[in-house]
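Chains as they are written, first to last, in the numbering used here: chain A, 1 to 738; chain B, 739 to 1476.
These aren't lab readings, by the way, just hints derived from the structure by calculation. This structure is a prediction, so every number in the text was calculated from the model and none was measured. It is possible that part of the hints are untrue.
Dumping the calculated DSS-like pairs for lysine-lysine here, alpha-carbon to alpha-carbon at most 30 Å [said to hold, decoys possible]:
(1) Lys738/A / Lys1252/B
(2) Lys24/A / Lys1410/B
(3) Lys221/A / Lys1407/B
(4) Lys968/B / Lys221/A
(5) Lys1476/B / Lys672/A
(6) Lys669/A / Lys968/B
(7) Lys738/A / Lys1253/B
(8) Lys515/A / Lys1252/B
(9) Lys846/B / Lys672/A
(10) Lys669/A / Lys1476/B
(11) Lys1069/B / Lys1015/B
(12) Lys1015/B / Lys738/A
(13) Lys1476/B / Lys514/A
(14) Lys1410/B / Lys672/A
(15) Lys1000/B / Lys221/A
(16) Lys1252/B / Lys230/A
(17) Lys1407/B / Lys24/A
(18) Lys959/B / Lys221/A
(19) Lys669/A / Lys762/B
(20) Lys1476/B / Lys738/A
(21) Lys1252/B / Lys221/A
(22) Lys230/A / Lys959/B
(23) Lys738/A / Lys44/A
(24) Lys262/A / Lys959/B
(25) Lys762/B / Lys672/A
(26) Lys108/A / Lys230/A
(27) Lys260/A / Lys199/A
(28) Lys1407/B / Lys738/A
Protein chains: 2
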Amino acid sequence: MKKACLLAAFMMFALTTMAQTTKKSFTLNDLLSGGSTFWNLQPKYMFSTWWGDVPVELTVDEARRIGVEKSKSEVLFTTEGLNEILGEKLVRACTGVSFPYPDQPIVKVQTSKEILLIDFEKKSVAWRGPLQEGASELTWNPESRALAYCIGSNVFVQKADGSRIQLTFDGSDDIVYGHSVSREEFGISKGLFWSPDGKRLAFYKKDQSRIPSYPQVDITKRIAETYIDKYPMAGEETEDVSVAVFDIQTGKTVWLQNPKPKTDYMTNLSWSPDGQKLYVFELNRDQNHMQLFGYDAATGKKDSEPLVEERHPKYVEPMHTLRFLPWDATKAVMQSRRDNWNHLYLIDFKKRMYPEWRNADGGGTTCDHIAVQLLTPGNFEIRDFIGFNQKEKTALFIGNMTHPLHHTIHAVKVRNEKPKDVKYMLLSAGEGVHGASLNSTGTQLIDTYSSPTVAREVNLIQTKTGKSVNLLTAADPWQDYNVPEITSGSIKAADGVTDLYYRLIKPVGFDPSKKYPTVVYVYGGPHAHNVQASRGYYFRGWEIYMAQLGYVIFVLDNRGSQYRGLKFEQATFRHLGEEEMKDQIKGVEFLKTLPYVDANRLGVHGWSFGGFMTTNLMCSYPDVFKVGVAGGPVIDWKYYEVMYGERYMDRPEENPDGYAACSLLTKAKNLKGRLQIILGYNDPTCVPQHSFSFIRACIDAGTQPDLFLYPGDGHNMFGTDQVHLHERITRYFEDYLK
Amino acid sequence: MKKACLLAAFMMFALTTMAQTTKKSFTLNDLLSGGSTFWNLQPKYMFSTWWGDVPVELTVDEARRIGVEKSKSEVLFTTEGLNEILGEKLVRACTGVSFPYPDQPIVKVQTSKEILLIDFEKKSVAWRGPLQEGASELTWNPESRALAYCIGSNVFVQKADGSRIQLTFDGSDDIVYGHSVSREEFGISKGLFWSPDGKRLAFYKKDQSRIPSYPQVDITKRIAETYIDKYPMAGEETEDVSVAVFDIQTGKTVWLQNPKPKTDYMTNLSWSPDGQKLYVFELNRDQNHMQLFGYDAATGKKDSEPLVEERHPKYVEPMHTLRFLPWDATKAVMQSRRDNWNHLYLIDFKKRMYPEWRNADGGGTTCDHIAVQLLTPGNFEIRDFIGFNQKEKTALFIGNMTHPLHHTIHAVKVRNEKPKDVKYMLLSAGEGVHGASLNSTGTQLIDTYSSPTVAREVNLIQTKTGKSVNLLTAADPWQDYNVPEITSGSIKAADGVTDLYYRLIKPVGFDPSKKYPTVVYVYGGPHAHNVQASRGYYFRGWEIYMAQLGYVIFVLDNRGSQYRGLKFEQATFRHLGEEEMKDQIKGVEFLKTLPYVDANRLGVHGWSFGGFMTTNLMCSYPDVFKVGVAGGPVIDWKYYEVMYGERYMDRPEENPDGYAACSLLTKAKNLKGRLQIILGYNDPTCVPQHSFSFIRACIDAGTQPDLFLYPGDGHNMFGTDQVHLHERITRYFEDYLK
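Isolated chain A (complex conformation) (with noise of 0.2 Å):
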């Protein structure tokens, strides 16, 4: 007996050794989404939809009802089955398919070209709408069963019936209908939105007859050609915005009448339950003035005052539609920052308030035409707001509340409470970052989360109660690999007081006695963080290859970043990259006080904002950073775009001093070190133009910036082109860090 486990013992050993001896190491094709194997070596994921309170799971083969406590697992219908319904072999998988009706057994498909609706318990096709070819901007409402679609420029609906209206006639270049507008600043993503009940449509008009074409070049033909991009960049002509709306029933369309400035944006068209209002978050093109406003949908008529204002010196950014009530279509939950938080509040159209306009913590001011609530007091982001549970009157959400790098599932009561009396009931694990996907009541959610030590899960949660049941718990797909040490931090911004969080990536085989070539990721821009408590702390695949490779990675969320509040983001306001390098170097501070970062070696790396931050670096210190590499940088924003631009920059002309101090064409003379600018050729949001004038000014004062483009590529590298990407910038590290 002892004899015996001694040798279990010995055996464990053994396998264990034998084990980590034989770990294997990464490629770039394993650790990129690009790659050839990414795939193979991700957490098991699982699809699952609702069809209406019913949770569904679907496999390419299958859909099949997701069976907790009282209902069982059930096949609903297999992917064989819906094309022996339809006689031929149209649906390739259930992976896409959705539940337009939560009361009827009727899945949607839709195919390249039409969308069925097919009766899975009857086994028959109850609708088929075809698709015309060349169809973009698919919009099809379930209850009128229209579809909404753009050729080219213009905009066409199709009934039910299959009858086809050709709404505008001028679409262009120039004279774009239906399409997103404000280069999907503003939360903007599309241009067609129907009304509820599918019996009007609103649609945007964007003129951008004005704004220049960029010159971009497609190498590709027998002789190289421009093509269209147009371009408004900071400060010169940009677009005019206007919305339309088409009625269904007596096929004639009516526009908003704004008098005001068309340069003035329009965003987040949100329809009233009944379809007889649509309601506009206006901005002035300067972005420090919102107005909600309301229009008639039947005859495009403005309302005579306003219903929500907010003013900010510095800018006012909406970003989110109006969610009406499910059980009170006079009331709408609003996503504001006035507080200086993203944040719920409920909007009451019947309590007319008199208009005054207040401070607002967020260091604006706001004047409520109506009753404006807040739902959600604290200090944290709402970062989405998932819907409501209508039986229990709640509002649902992910926030940071726990911790700011951690995004969990909460429920509020959706009533007039004083902040101090609001209570919040977490639904999801108190830890992590989740996603959520709710029914059609509210009743139940589909939570999907990871955090540095669940590589997966998925639960299927009570909104009343949080009662969770697990779905799924992926296992960790990288046992066999060797996997480099991720932990996180904190430490004080460079104002003193602000708290920023890190990730720090040891080398594959840490000795701590050694010294390691230390590279910085950055982006530190607006909209966007690098560190929160997912798998890994948010790791970027190619931080582990290059772990693998033995350099210390370290990335750090400065001012200016994501999900911190709105003063944290406007502390770059007029004058981007200066606190965010400010608190980039107090990274740099922190590195050194680590025994094993080779403060000789320390390099950087980012891309858009990160690639100017890295550009910035490496010209604004360059005796701490001896490489980087920029990817698509922005080097002076008054080649960056309008909406975006003016937004943290205002006009040129309105901020000379500040685009002088930011633009790093007067700073490319400093440059030291080694680094390599790389862009997308046909880069459509920073344009060449950035990149070629850093050069241009770089050869202009005698220094020498390594430059390399991707004929083809835009803003990114997709594919087999991201593990190029990836090999070049590894290898220049190699190369010159090394």
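Let chain A serve as the given structure and place chain B on it in line with the hints.
Only chain B this time, still in chain A's reference frame:
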């Protein structure tokens, strides 16, 4: 006395030693023509010209009759004196003046605003003609004192009395009058041609409306913009060229009536001495059939038959105008490579021949409709036809008769002789590379030359006797510098029989026991050569810099390059790069026999055709070359221009296999070493589509070239950009080859 001698000897020893130890090193600014100190380190130069038969030295301050033998050195006038005559400071230096009339004391001065004729004996202004603002292509005729010029794309003539006539009106980006055509191929360099008496003006019309504009981008605009750059790619739409003659007396313009396809070439326009006929070398688009035609200048009527015809299964390339004998206007000298070597032929317009096609030594056929007599038999090339000694009736030329690398000055009788009876008279030193400027009657010339042992010499030579007076012997400007050893020699080409010449530069401080990294510099294309017997064997400054850093530099003129005859050049026809590379690999084999060459550290560098060769060598011989820098490379000949490209490669549809075999896009996958592609971002010669397509091909194939571009620069870099570029090239070899 003895003691003093010893002391002197000691002091001399000490000085020599000190000189050795204190010799200076060059900077790139010293060695490159764009460098700030380049001109301080050049051999002394002498500006000279002719006033009829009188040699004149020009300096900033004065024009001085060069005194030799009977004549005395004498100041003709000073800059200050000219300005005194003018009453204002219009002349900044005498180096730019000329003497339009052999027998009058008149000097011509051109300012930005006018052309002035000053009588420097009478000290008065003899004539002045204003220059219209914005005028280009200024072409002034001393006989009629009429000035032809262009404003934009239209042609104007200003008569001696200042009155102006606009000759064309529809000039535009598409229709261009009075400018050079055919992309400066075929020896074409201008578009306005006065008849000798200045009474008729021939000018080109170029219709390029069918040619697309290559999308060149100017990034210096507020928002980047494209500009017009009509670029005809091989096999695609090309220019239509025609020629008009304007008669200053009648004010009428007639068009040369050429019924052949407009895409044919009309080259080397030559006026008859009496201005009644205009001769044109005409070439079909296939470039394999040349016809010399005469046109009646008054009517534009074409002669019914050609004077001379040449065909070649590869190509014919007329490069030179006719030069009429000063003593007999019925005869002219024509240059042709019909007999393999570029030679002078006497053509006799009076002596009609029965036209028959005959085989010629160059591999083609000729059909002479008038008598054509070879004047310069022998296996050598005429580099420059200098002119005639009118008294001796000799033709004066520079050719490599002595040795392929030496370009010496010779005279030959202009008379009908059998080749074996032709005698040459050597006028200059029998070695080195010479340039010559001839006086009015051809009795004397000023010879400027250098050789591996002569930094620069200027001699006044009697063209009848060869008698020479030295005007300048420049000291070695590099005597205080560490200068590497430069040698030359020959190896056999890959064909086993042809001699190829190289230049070899050893590292400064050469130690034969060491092994050195070695860089092959290459051009390799037609119409250029890298090795000749001028100072330092035609070294490039950068090579000296590299030798200083410890590199061996090797330069070999492969088959296909210049001044070695037609067959030597045409070995590459329809498969550019292949034979050239075989020869360069012969050079590598030679290098490997040198004990001090490190065959594991071979690099290659070249520009333009040399960039093509460099990229090709890196991809075709990936195990031979470790590092390459390719500048402004051709990547695929289908992206190169019609005129040059189709001459050597035919059209893509005629030679698909050749184009495919010579394309580097398919070779991109073979890249193993470090290759940096560098281009002018606005290169109008090798448009960026070449380099960017190669980069794209490498990305697709998973290989990793490097890239750099110079925004705003064209095919070559000048000034400080040239210095920056060579820092960059050097750094690349230092990074990866050392």
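Each hint tested on the structure:
1. Lys738/A / Lys1252/B: Cα-Cα ~28 Å, so holds.
2. Lys24/A / Lys1410/B: holds, 27 Å
3. Lys221/A / Lys1407/B: Status holds; Cα separation ~21 Å.
4. Lys968/B / Lys221/A: holds, 16 Å
5. Lys1476/B / Lys672/A: holds, 21 Å
6. Lys669/A / Lys968/B: violated, 36 Å
7. Lys738/A / Lys1253/B: holds, 26 Å
8. Lys515/A / Lys1252/B: violated, 36 Å
9. Lys846/B / Lys672/A: violated, 52 Å
10. Lys669/A / Lys1476/B: holds, 28 Å
11. Lys1069/B / Lys1015/B: holds, 13 Å
12. Lys1015/B / Lys738/A: violated, 73 Å
13. Lys1476/B / Lys514/A: holds, 28 Å
14. Lys1410/B / Lys672/A: holds, 29 Å
15. Lys1000/B / Lys221/A: holds, 27 Å
16. Lys1252/B / Lys230/A: Cα-Cα ~60 Å, so violated.
17. Lys1407/B / Lys24/A: holds, 28 Å
18. Lys959/B / Lys221/A: The given pair, whose Cα atoms are some 26 Å apart, holds under the 30 Å limit.
19. Lys669/A / Lys762/B: Given that 30 Å is the threshold and the Cα spacing comes to 28 Å, the pair holds.
20. Lys1476/B / Lys738/A: Given that 30 Å is the threshold and the Cα spacing comes to 17 Å, the pair holds.
21. Lys1252/B / Lys221/A: With a Cα-Cα distance of about 51 Å, the restraint between lysine 1252/B and lysine 221/A is violated, given a limit of 30 Å.
22. Lys230/A / Lys959/B: holds, 16 Å
23. Lys738/A / Lys44/A: violated, 36 Å
24. Lys262/A / Lys959/B: Within the cut-off at roughly 27 Å; holds.
25. Lys762/B / Lys672/A: Measuring from Cα to Cα gives roughly 27 Å; hence the hint holds.
26. Lys108/A / Lys230/A: violated, 36 Å
27. Lys260/A / Lys199/A: holds, 28 Å
28. Lys1407/B / Lys738/A: Roughly 27 Å separates the two Cα atoms, so the pair holds.
Going down the numbered hints, you'll see the structure goes against 6, 8, 9, 12, 16, 21, 23 and 26, while the others check out.
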